[in-house]
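Trainee: Protein sequence lines correspond, in order, to chains A and B. 1 is the number of the first residue of the first sequence in our numbering; add one for each residue after it. 291 is the number of the first residue of the second sequence in our numbering; add one for each residue after it.
In case anyone wonders, no lab produced these hints; they're calculated from the structure. What you were told as hints is all true, and nothing was included just to trick you.
Computed list of chain A residues with no C-beta within reach of chain B, every gap over 10 Å:
hint	residue
1	R31
2	S56
3	K134
4	R135
5	F195
6	G196
One side of the interface only, derived from the structure: several residues of chain A facing chain B at Cβ under 8 Å:
hint	residue
7	P13
8	E16
9	P96
10	V97
11	N98
12	A101
13	I164
14	V221
15	T225
16	V226
17	G228
18	V264
19	Q265
20	G268
21	L270
From a predicted model like this one, the values you see are computed outputs, not experimental measurements. Note that beta-carbon positions come from the ideal geometry of N, C-alpha and C, so glycine has one too.
Given next are the chains, with one letter for each unit.
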Amino acid sequence: MIDPLDIETIDRPGLEQAQKNLLPKRDSGARGGQEQRAFLHLAIGDDAEFCRIVKSWGLRQGKTPPVMDTPLSERELSDPPWSTECVIASTWEDLPVNLAARPETWTRIHVEMIERGLIRSSYLAASGNGESGKRLIARALKGDDPQPVDACVRTVLRHLGGVIEARANRTAFLDCPLARAWWRHRYAKEAHKCFGRRRVEDLSAALRPAFRWEALVEAMVSKLTVIGDSAIRPALAQCLADGAGGTSREVADLLGWIGRRTTVQALGALGPEYVRKLIAEQFLGSQETA
Amino acid sequence: MLNGNYPVLSQDRLDYVNGTYVTAIARLPQGNGMAVRHAVDGSNLVVGLLERGEAAFATEVSSPYATYRRIHIAEPRREITLTQEVTWETEKIVPPVYVRPLVISVLDKPISVRLNGQHGVHDLWHDVEVSVAPGTILAHDQFWRTSSTMESLIRLASNDELSEGAYRVEMNTGEGLHFIVQMHPKLFWWMVNPDKTRHRDSILTGCLSRAFELIHAEFGDTDRWREFPVLRALHRRLVDDGLGTWEDGNSFNPDEVASRLRPLSFTANPDD
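This is chain A alone, in the form it adopts within the complex (with noise of 0.2 Å):
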């Protein structure tokens, strides 16, 4: 049992100023230059000075990140299955919720995991189509266009823990992956907890689409965020593992209604199993009562 409060991160005005350094605007003429390039030679080289860098960047003190016990694949880290998902919660159950939503925190676990040995700089680059992070640095720097620089600059940044000035504090939950299995895992430990009705296997894969990801997450931090009620979320998990929220109209629609109701009715006072029912009987013809 680890201290919750005690865990190292990155300092978080650091961390800002060098993504803006390192990403820098498109007007600027600096895209492609020597800071980014400088930058991926170390994330392909895979090796200390990577880490050195991002530490450099400053470091909020406290214990050093807990890590797995056993190496991460480029694909698992880009794209977590469910075991590895397992092995995310567990190896951080005790990572408090004020440090799971910074990318500070992703980012020097990566950093430690990289340390350790459990994973490559390169694998930050890694794209979703299954080309290797490695390739996909080689081949933007070998060429002029500056395009493929600043994309794999911000790809790694963004695996790494997120972006700030793009997507501010949505994006660990967004763009870091493992930060992503994370917090799925616990919305949906969360909804199992509720109602018992499915495993936490299925109510995670129910929330793996990045379509239903994405809507839930922008509506909890930013547009919506009723979503993210105590009573509301684990109702929407379950009544999306059942079959609601199908398309990503379908999911707009049943927020959008959620949102709707939520002016007129304090759903999150009237406990997870009513607003299931409620929904449940609006987007499942379910012919129970709420």
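Here the structure of chain A is known, so what remains is to put chain B in place on it, guided by the hints.
Mentor: Below, chain B alone, put in the same frame as chain A:
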């Protein structure tokens, strides 16, 4: 089926002609939480439901960056004023935290009410039959930030790496959005305990002017600033006061706008 067709007691609604819902928020002296003072008065439907124990005061707590939201319902006591204490665990929230006072129905089943003059509602509602379902929001206030907007926007911090008398303003999006003003330790302590408040106000005006410049540079050509509640509140204040905003392009004068907002509030933390 519940719909929005019923009167709500709120400052931004005209449904009620007899009654008010007034709230006050204060930090609890110890721990993480707020004391929320609720008071409903007048002769109206909300008062009637509260007095019969069919409605209760409640407070909604929201920390969007932690995806946390929870409604705390006060025990119904058949009273129309109440101070409710709500607390939360530090590790479960990411600042900023918002609270919204409410009055909600705590009925087991929906009831039907045909409105009349004794319910305190506007004439338009007379003879209208409404359904009051469990959880119906009968009265609400706005969402309050647990620290006031201007207080949380400017944060002073002591930094011994700066030259004597120097300060530097930096934007930080870590807790919503705020500006850390790094100050030489002597200047920091003078700001916290000034012998001349007008001089301090002038320095703060300079800090805010720089903060406006940073907002203008960072968000002037996009609407990403709308993601930060503190900037939405600040923008609303500037518009309400007839001042320019960072959306005005080159005609925005940060120094003039900052000087019009004097005196400013701030927070100070030597360990920031």
